[in-house]
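In terms of this note's numbering, the sequence shown opens at residue 84 and continues consecutively.
If you're looking for bench data, these hints aren't it; they were derived computationally from the structure.
Think of the CB as a built atom: it goes at the ideal place given N, C-alpha and C, for glycine as much as any other residue.
Among the hints, a few may not be true.
What the hints assert, rightly or not - Listed below are the simulated EDC-like cross-link pairs for lysine to aspartate or glutamate, each with C-alpha atoms no more than 16 Å apart in a straight line:
| no. | residue 1 | residue 2 |
| --- | --- | --- |
| 1 | K369 | D229 |
| 2 | K97 | D179 |
| 3 | K259 | D312 |
| 4 | K330 | D179 |
| 5 | K240 | E309 |
| 6 | K97 | E181 |
| 7 | K107 | E133 |
| 8 | K267 | E368 |
Said to hold, decoys possible - Computed beta-carbon distance windows for the label pairs:
| no. | residue 1 | residue 2 | range |
| --- | --- | --- | --- |
| 9 | S297 | F227 | 16 to 24 Å |
| 10 | S297 | A347 | 17 to 25 Å |
| 11 | R139 | H226 | 34 to 42 Å |
| 12 | K186 | N251 | 37 to 45 Å |
| 13 | E133 | A95 | 21 to 29 Å |
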Amino acid sequence: MQLSPSELILNADKSIYHLNLLPKDLAETIITVGDPDRVANVSKFFDTIELKKGKREFHTHTGTLNGKRISVVSTGIGTDNIDIVFNELDALVNIDFETRTIKPNRTVLDIVRIGTSGAIRADIPIDSFLMSEYAMGLDGLLHFYDSDSVQELDVSKAFVAHANWSPNKSVPYVVKYDESLGEKLFSNRIRLGTTVTNIGFYGPQSRVLRLKLSDNNLQDKLASFEYKDVKITNLEMETSGIYGLAKLLGHRAVSMNCILANRANGEFSTKPTESTEELIKYSLEKLTSS
């Protein structure tokens, strides 16, 4: 089946619409970051940089480190942007732009999110590193796709009951990380956890400035939830979309979180830049080691 110009949208130079990338521009190992400025903070550790492109909030650097080709792509904030980025990353490797048809042999990408996050349990130290074993999405993105096959439906059902979840909100969905990629990035420096992906930074994460919340107890409900081996550890805004779309598209994904805030203790890191850079260096070393 040939994809129409309204579905597979290409720029005049045949690059994909939002990311502004050609298929040759993308490596098969990808690091995603939220902040466009953080792309250079990753690529500065490369041995070589062959490509720098940017459009809107989507910036990409591709280069090599220790003989391994890597792309760094900024996503911006939120799972709405993740929907754009992950569909277009997949299109770059699995759709023939000349014929507008899906390739018969699929390419599997390794995708590692390196981002910041806030812990909701008092025992998780500031400036520590956490790998998301599970991601729980409060955003609703995955419900627009045929996605039951990649969801941990029993976990989401247990959380809905535990939190007395409002029917006016999207049903939470839960997806597990890619275990094989997770093993490559894991060490005794890394804590495994369950990450909640929120649809916003203020009200959805129980922050109060001038607006009242619909559920004043949401953070307590998140922190007190336990089901089998699942305990919610931290909050951010992209991981559930990353895990869900990666699994649906057949890619491997892991989210690495630098814990800059502890909401339970009211603490925030005094060295956020240094801690985030340390996670970048750690992840690059693990990804390029044989």
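Task: Ascending list of hint numbers which this structure does not respect - done: Going through the list in order, the structure violates hints 1, 4, 11 and respects the others.
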